[in-house]
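Note that the protein sequences, when read in sequence, are chains A and B.
FYI, in this note's numbering the residues of the first sequence are 1 to 246.
FYI, in this note's numbering the residues of the second sequence are 247 to 654.
Derived from the structure by calculation, the hints contain no laboratory data.
Hints are not guaranteed to be accurate.
Claimed, not checked - Each computed BS3-like pair below joins lysine-lysine, with the alpha-carbon atoms no more than 27 Å apart:
1) B:566 <-> B:599
2) B:624 <-> A:111
3) A:94 <-> B:566
4) A:179 <-> A:223
5) A:18 <-> A:223
6) A:94 <-> B:652
7) B:586 <-> B:443
8) A:223 <-> A:77
9) B:566 <-> B:486
10) A:109 <-> A:223
11) B:586 <-> A:94
12) B:384 <-> B:499
13) A:107 <-> B:624
14) B:346 <-> B:253
15) A:77 <-> A:65
16) A:94 <-> B:599
17) B:253 <-> B:384
18) B:566 <-> B:512
19) B:583 <-> B:528
20) B:624 <-> A:77
21) B:624 <-> B:304
As the list claims (entries may be wrong) - Over the 12 Å line for every Cβ pair with chain B, so calculated as not near, a few chain A residues:
22) 59
23) 83
24) 89
25) 104
26) 112
27) 178
28) 207
Just so you know, even glycine gets a beta-carbon here, dropped at the ideal spot from N, CA and C.
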Amino acid sequence: MLEINNLSVEAGDKLVLKDIDLDIHEGEAHVLFGPNGAGKSSLLKAILGDPGVEVISGEIIFKGKNIKDMPMHERVKLGIGIDFQHPPRVPGVKLGELLELIGDRDKGKVKEMAVTLDLDDFLDRDVNVGFSGGESKRSEILQVYAQNPDFIMFDEPDSGVDVESVELIGKKINKMLDKEKKPSERKKSGLIITHLGYILNFMDVDRAHVLYDGIIACSGRPKEIRDQIIENGYQGCIECCQMERS
Amino acid sequence: MLPDGKKLEYQNKAEEYINKPASLGEDIDIDDYPIPEEDQVGVSSISEVDEGVRESMKDVGMELEEGKSSGTYYQLDNNVLMSEMYGDIEVMPINQAMEKYDLDDYYWNAVNIKDKYTARTELELTKGYFIRVPSGVKESIPVQTCMLLGDERKSQNVHNIIIVEDNAELHVVTGCATTKEIKSALHVGVSEFYIGKDSKLTFNMIHNWGENVHVRPRTGAIIDDGGSLVNNYVLVSPVKSIQSYPTAYCRGKNSKASFQTVLYGKKQSKMDIGSRTILSGKNSSSDMISRSITEDESHLKVRGELIGETEDVRGHLECKGLIFSDDSILHAIPELKAKKSGLDLSHEAAVGKIAEEQIRYLMARGLTEEEATSLIIKGFLSLDIEGLPPNIAETVDNMMEMTLEKAL
Numbered sequence: 001m002l003e004i005n006n007l008s009v010e011a012g013d014k015l016v017l018k019d020i021d022l023d024i025h026e027g028e029a030h031v032l033f034g035p036n037g038a039g040k041s042s043l044l045k046a047i048l049g050d051p052g053v054e055v056i057s058g059e060i061i062f063k064g065k066n067i068k069d070m071p072m073h074e075r076v077k078l079g080i081g082i083d084f085q086h087p088p089r090v091p092g093v094k095l096g097e098l099l100e101l102i103g104d105r106d107k108g109k110v111k112e113m114a115v116t117l118d119l120d121d122f123l124d125r126d127v128n129v130g131f132s133g134g135e136s137k138r139s140e141i142l143q144v145y146a147q148n149p150d151f152i153m154f155d156e157p158d159s160g161v162d163v164e165s166v167e168l169i170g171k172k173i174n175k176m177l178d179k180e181k182k183p184s185e186r187k188k189s190g191l192i193i194t195h196l197g198y199i200l201n202f203m204d205v206d207r208a209h210v211l212y213d214g215i216i217a218c219s220g221r222p223k224e225i226r227d228q229i230i231e232n233g234y235q236g237c238i239e240c241c242q243m244e245r246s
Numbered sequence: 247m248l249p250d251g252k253k254l255e256y257q258n259k260a261e262e263y264i265n266k267p268a269s270l271g272e273d274i275d276i277d278d279y280p281i282p283e284e285d286q287v288g289v290s291s292i293s294e295v296d297e298g299v300r301e302s303m304k305d306v307g308m309e310l311e312e313g314k315s316s317g318t319y320y321q322l323d324n325n326v327l328m329s330e331m332y333g334d335i336e337v338m339p340i341n342q343a344m345e346k347y348d349l350d351d352y353y354w355n356a357v358n359i360k361d362k363y364t365a366r367t368e369l370e371l372t373k374g375y376f377i378r379v380p381s382g383v384k385e386s387i388p389v390q391t392c393m394l395l396g397d398e399r400k401s402q403n404v405h406n407i408i409i410v411e412d413n414a415e416l417h418v419v420t421g422c423a424t425t426k427e428i429k430s431a432l433h434v435g436v437s438e439f440y441i442g443k444d445s446k447l448t449f450n451m452i453h454n455w456g457e458n459v460h461v462r463p464r465t466g467a468i469i470d471d472g473g474s475l476v477n478n479y480v481l482v483s484p485v486k487s488i489q490s491y492p493t494a495y496c497r498g499k500n501s502k503a504s505f506q507t508v509l510y511g512k513k514q515s516k517m518d519i520g521s522r523t524i525l526s527g528k529n530s531s532s533d534m535i536s537r538s539i540t541e542d543e544s545h546l547k548v549r550g551e552l553i554g555e556t557e558d559v560r561g562h563l564e565c566k567g568l569i570f571s572d573d574s575i576l577h578a579i580p581e582l583k584a585k586k587s588g589l590d591l592s593h594e595a596a597v598g599k600i601a602e603e604q605i606r607y608l609m610a611r612g613l614t615e616e617e618a619t620s621l622i623i624k625g626f627l628s629l630d631i632e633g634l635p636p637n638i639a640e641t642v643d644n645m646m647e648m649t650l651e652k653a654l
């Protein structure tokens, strides 16, 4: 589904990602760990085509096409979706109106999803205006659900959210990524950034990577890596990983 | 009829002011715009009206199908096309009303003769409408009024009076426009609103003028105890110049005035538009909101003034603007004047650009940059108007939607 080769990225003239390789197959969900400033969000921006970052070398192959120079909205049309960590307020644009504009799914299904996310009263409200942190997070999930992309990036869907909502959001992501289906029937793929990893208790993730100082310093089984990070910190986790490799 | 001597008094006053420029806005030589001739062209059905004229009416929000209004008043130049009442709400040309009723308490009471435009309306009146809602009558279907100018280089000087008696409710949807072939013209409209005890008037107005048309509306509303005015105004098409400063007098206790204004300056439009509320009734309140955009070489002055005459009054004024062109000027002038302690007046004004972050957010949902920008602009200009019955809210939404689609 997504294949990244030798990708280097600058943000404001600063090299933030160096020679990244990443391969996410159809039906797979990967999680991306890393300390603040490691370049996690820059990687999502580069995949999305956000003009805030600049790809200086390497390639991003999505569904067999090099999308490196493709404008953002065309990448989205091709099937890439993103759940933002800090979505902006858009005064005057109703959530329901936006869902209709971007929606690819049956309206009834989107409405049902809104109900299960406890957002049915928000459809007449301006996008993110006066939403609490948790409400914004759920609204992001709802928008991405309506879009129905094949590859979804989640930028800290669990940050600043209460424990119950983390469970709800984790389960919804699981569903959107076809994890309730048999492995052979899974068509959707995802890349999830998380700091805490608590959300992983409610999701099936196939592989984890640790992004550290602009490089993928370690890859492996999600829960093992998470436990390593919790026990020994990022530094310890990476050292352990390098020892394994050598 | 006015009492003896009253008419003469107004005429003398008008003679005195006929050469006096207005205190705001560019001065216009009104002699360049004679008044159009009167040739009776009244119709019994809207289908008899010329198609081009009907199109102009639709462009300012008129719904011409039967059953869409509880009364209609359509005027072209100096001719009444239709003046119909379908229920208890009285609708008629102002000259008829002057003959039928003693309007001494209403005629030139909410608006004064104080410049050449008001003076000329007194001296060279080209009709206007009179709407009266009797006590206790509450009608949720709107009355539609439309003032059209279809005579080249002429001036329309109309005088409108709306009376909503006690415990009554009226919704007016009104459009003013020049027909498409008109290149230059002058429209002067005096409008006086009288809102009785515990009554409500919503007045929704769309303007659509040509690039060489001058417009000088003069509007005043007097609001009694528990009464409320909701005034919505939309101008998103080019105009040569417009200057207006509608004023609400919240004289009654617990009276309320809300103004919502949407302006889009294009080409070389010069707009000087404000709203003012004078809060003199105990516990009266006012909200005034405007959204403006300038592009091309347009100059916009957006004014707002809240005057607190007594304690325990509240008012809030909000002006927000987007400026898109370096050749345009957007000048927000919010003013507060407090004359007593124990009141609460506030304002906020902001002029800026569309946040890049919002555009990127919507593009990340698959919208092109153009689609994202136009959605944000539409959102910026859309006002959530409170206090309207659902069908009126829908009508206003549709009016907004239609005019904005055209503007963008």
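(message) Can you confirm whether the C-alpha distance between residue 18 (chain A) and residue 223 (chain A) stays at or below 27 Å?
(response) Status holds; Cα separation ~26 Å.
(request) Given the hint that residue 624 (chain B) pairs with residue 111 (chain A), test it: the Cα-Cα distance must not exceed 27 Å. (result) holds, 24 Å
(message) Can you confirm whether the C-alpha distance between residue 384 (chain B) and residue 499 (chain B) stays at or below 27 Å?
(response) holds, 21 Å
(message) Tell me if the straight-line CA distance from residue 223 (chain A) to residue 77 (chain A) falls inside 27 Å.
(response) violated, 33 Å
(request) Compute the least Cβ-Cβ separation between residue 89 (chain A) and chain B, then decide whether it is above 12 Å. (result) violated, 8 Å
(request) Please confirm whether residue 207 (chain A) is truly not at the interface, meaning its C-beta sits more than 12 Å away from all C-beta atoms of chain B. (result) Label holds. Min Cβ-Cβ 25 Å, cutoff 12 Å.
(message) If we take the beta carbon of residue 104 (chain A), is the closest beta carbon in chain B still more than 12 Å away?
(response) violated, 9 Å
(message) Given the hinted pair residue 586 (chain B) and residue 443 (chain B), is their Cα-Cα distance within 27 Å?
(response) holds, 25 Å
(message) With the threshold set at 27 Å, check whether the alpha-carbon distance from residue 94 (chain A) to residue 599 (chain B) stays at or below it.
(response) Roughly 20 Å between the alpha carbons, so the hint for residue 94 (chain A) and residue 599 (chain B) holds.
(request) Please work out if residue 77 (chain A) and residue 65 (chain A) have their alpha carbons no farther apart than 27 Å. (result) This hinted pair holds, its Cα atoms lying about 13 Å apart.
(message) Next pair to validate is residue 109 (chain A) with residue 223 (chain A); report whether the Cα-Cα distance is within 27 Å.
(response) Not OK: residue 109 (chain A) and residue 223 (chain A) at ~33 Å, beyond 27 Å, violated.
(request) Take a quick look at whether residue 253 (chain B) and residue 384 (chain B) sit within 27 Å of each other, Cα to Cα. (result) violated, 33 Å
The structure fails hints 8, 10, 11, 17, 23, 24 and 25 (numbered hints given earlier, in ascending order).
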